[in-house]
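J.: For this one, chain A is given, so just place chains B, C and D on it according to the hints.
Chains as they are written, first to last, in full-length UniProt numbering: chain A, 1 to 234; chain B, 1 to 234; chain C, 1 to 234; chain D, 1 to 234.
Calculated from the structure, these hints are not laboratory results.
Note: identical chains are not told apart, hence a pair may lie in one copy or across any two.
Dumping the calculated BS3-like pairs for lysine-lysine here, alpha-carbon to alpha-carbon at most 30 Å:
| id | residue 1 | residue 2 |
| --- | --- | --- |
| 1 | Lys-113 | Lys-56 |
| 2 | Lys-90 | Lys-40 |
| 3 | Lys-112 | Lys-198 |
| 4 | Lys-153 | Lys-108 |
| 5 | Lys-40 | Lys-2 |
| 6 | Lys-176 | Lys-112 |
| 7 | Lys-112 | Lys-153 |
| 8 | Lys-40 | Lys-56 |
| 9 | Lys-113 | Lys-40 |
| 10 | Lys-198 | Lys-2 |
| 11 | Lys-54 | Lys-113 |
| 12 | Lys-198 | Lys-113 |
| 13 | Lys-176 | Lys-199 |
| 14 | Lys-40 | Lys-54 |
| 15 | Lys-108 | Lys-40 |
| 16 | Lys-54 | Lys-90 |
| 17 | Lys-176 | Lys-198 |
| 18 | Lys-199 | Lys-54 |
| 19 | Lys-113 | Lys-153 |
| 20 | Lys-54 | Lys-198 |
| 21 | Lys-40 | Lys-153 |
| 22 | Lys-2 | Lys-176 |
| 23 | Lys-56 | Lys-108 |
| 24 | Lys-56 | Lys-90 |
| 25 | Lys-108 | Lys-198 |
| 26 | Lys-113 | Lys-199 |
| 27 | Lys-113 | Lys-176 |
Chain residues, written in single-letter form:
Protein chains: 4
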Amino acid sequence: MKLIVTRDYETMSRVALNHVQAHMYTGDNRRVNLSITAGKTPERLYQLFVEEYKGKPYFDQVHFYNFDEIPRAGEAVGVTMNDLNRMFFKPAEVPEVRIHPLDTRNWKDYDKKLMEDGGLDMILMGLGTDGHFCGNLSGTVEHFGMETRLVTKEACPLSYFEREGSPDHYVTFGPKTVMNARHLILIINGSHKAEITKKALFGPVTPEVPASVFQLHPNYTVIMDEAAAALLDG
Amino acid sequence: MKLIVTRDYETMSRVALNHVQAHMYTGDNRRVNLSITAGKTPERLYQLFVEEYKGKPYFDQVHFYNFDEIPRAGEAVGVTMNDLNRMFFKPAEVPEVRIHPLDTRNWKDYDKKLMEDGGLDMILMGLGTDGHFCGNLSGTVEHFGMETRLVTKEACPLSYFEREGSPDHYVTFGPKTVMNARHLILIINGSHKAEITKKALFGPVTPEVPASVFQLHPNYTVIMDEAAAALLDG
Amino acid sequence: MKLIVTRDYETMSRVALNHVQAHMYTGDNRRVNLSITAGKTPERLYQLFVEEYKGKPYFDQVHFYNFDEIPRAGEAVGVTMNDLNRMFFKPAEVPEVRIHPLDTRNWKDYDKKLMEDGGLDMILMGLGTDGHFCGNLSGTVEHFGMETRLVTKEACPLSYFEREGSPDHYVTFGPKTVMNARHLILIINGSHKAEITKKALFGPVTPEVPASVFQLHPNYTVIMDEAAAALLDG
Amino acid sequence: MKLIVTRDYETMSRVALNHVQAHMYTGDNRRVNLSITAGKTPERLYQLFVEEYKGKPYFDQVHFYNFDEIPRAGEAVGVTMNDLNRMFFKPAEVPEVRIHPLDTRNWKDYDKKLMEDGGLDMILMGLGTDGHFCGNLSGTVEHFGMETRLVTKEACPLSYFEREGSPDHYVTFGPKTVMNARHLILIINGSHKAEITKKALFGPVTPEVPASVFQLHPNYTVIMDEAAAALLDG
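For reference, chain A alone in the conformation it holds in the complex (with noise of 0.2 Å):
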């Protein structure tokens, strides 16, 4: 585990920024694969990332994967991929042969197919103030060995669900799904996520807090601000 703590949100999305770019520099032209969070933590990252990325020949060989979508009625394309296209996809004009959407129609298949498109490179990831990390909440996670799967409404405790007119049911990448990336990047800033911070990165490992897990991966690099990290000694 790396921690790198920085002094607010924006240089936070500086130096996470970075770290995406970092697994999208090859010397060469090897083909990288990422899965990139949507979410209010990544906002600023994908600001400056827009600039980075578009009209970029040299990123020719990356490809993305959303690593959740949550379904939205009357819509082909759910929450997540809506944020992505909007936040990132959209105005940094990724070609739509390079982005590669989860959703409730090829979720079952689809740890085969990472597996066939040569495995995840890299996933950034944000932290849920119960310790979720993609749609892995509290209280949904059995065990870690769950690969991406479909989690209905009876069984997912987030009051978002509960609302009307909201879906009944999601897809997310497993835990084990997650853990079987090469490289494991989390995002966190403020206060409000201090607490959990503090017990994902140096608490049990237990799916409680489902990001827990992630102390056990060989190359896991955890980028926060100086708010999210007040509770962590030294």
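T.: Coordinates of chains B, C and D only, in the frame set by chain A:
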């Protein structure tokens, strides 16, 4: 996870040795840190290894770390190092400066030492019939985040410790220590391991089957004979 | 540069095969692209390799590329592929889909193809008594930046081409094509190679000794028997 | 070879810094050995680098090696280290223990030292208008196999040495020392470099254009502004 099923124990030993050596074959002179197992499973492997290693200056950059140790009353060297000395270090004439014993005196700082030495490049392990690896016996693993630790007789369910004159504690890498190595190799042989092999490779990831955690490692190779693989599908 | 001196041809063959296999032993299922040599030097290596490879599904991700070809009048398959078919591909039952012949029809686009396939992970080569590797005979290498190319009888000093009925051209990877592979392995045996071995490993880097360029590669392993190493110091 | 063409010097500096940092961003704590260039080209890069590096404990595993040195009469520190101290080491507060000066006193053993330290992970270099890199001026390179060496005034064609009071020798990594690093990064800016850029990247590999040898490296990244790239096709 990469599965390799071989015809018999002899072939398993040879293929496993090839894998171990693969980590020693750098095209440059970079230091390589390996942990290798004692016990019965690697006996033939070490017979072959001695011949490959002895008097070969091109393995000078390779360092060895034992991953557990059981003290022996009145002896300076414990069970594990005694085994490794007998089977490999002595006959292969491995220089002491490249052997880094873990024992009951230095275990508290061992994870830190490993990190300072550059981390483990590879660990070769066997599989216990209870699913254990190193000294992580089923029943002694509270969670997978445990580091190198001392296990007392009271905590340890293994009948081995119930015999008269047996030690009342031992030390072992924890699951986290092992998972942080860059590559894992597990060797398994014999029909008496078939059931636990199936659980460890394809069952739930649970501390009750300690080696099940390896399913989460991005660089995990299992080499087994047909007898051990008998209950696997396909 | 990593030098490995073995007792004899048999040991050289076995150690070299271990190295070749080291590049096929990925802990995951990532594609691996290898170029392997025809000729006399690897004969024993291939005898051993057939046994290791045949019927082993765990090598399914490995692809093979020949690095030169000499057409034979009235034959669909040239000298090199004929050799490789006889010594390895046929007896080892390598599926055709994982063999990528270089020949006089496709050489112009071969460097591009290699790049699109992800680049070469490793090349196994022999050393000619004139210092050549692949078809880069001394006298045919204007400079080390040459890519895959066609060499005509006029340009080629090798007496082989002076015999009646011999082809008037052949194709070969250029020095640049080879140097762009991620790892180089050179195998050498016999006292008749001792002089050129010394020049290639420790002499000036010059097109007159084509293999001297390998001294510049960051991942270069030489495996030779004692006879070939006889003139090396220390 | 990976080509990255950026709009201007500012962007080149930023993208190049990202690449340099990519080699410092390990997910674990493995030692990283970098060689970085003095001179005018990296000035802006170092302004940005100071801010990234200063006070950041997460770069503690990174070590720095200068690749050439020109002694200054009556001064303990030569031209290169003086430049690096001024532009980066001092303002970034790099601890001395992680700076490994090459100078006229230690050059004879420097290639050996590099090997013992684990080898260079990356070298950042500029390109001279005569095609030189480090102190390998056109006219001083007999062949690409040269290691770290001392170049005397007589051997050196650079007018710099013809001025009164100038040193009569300097030391530099040789082409072989550089090529043995795991990754090469070349930064180039300005229209006055356009002609030599074309020669170095796509011309013959010849000691007359020393940087042309980098075409042979399996991990070679060139980052240049549009002005430097003006004469490249496509």
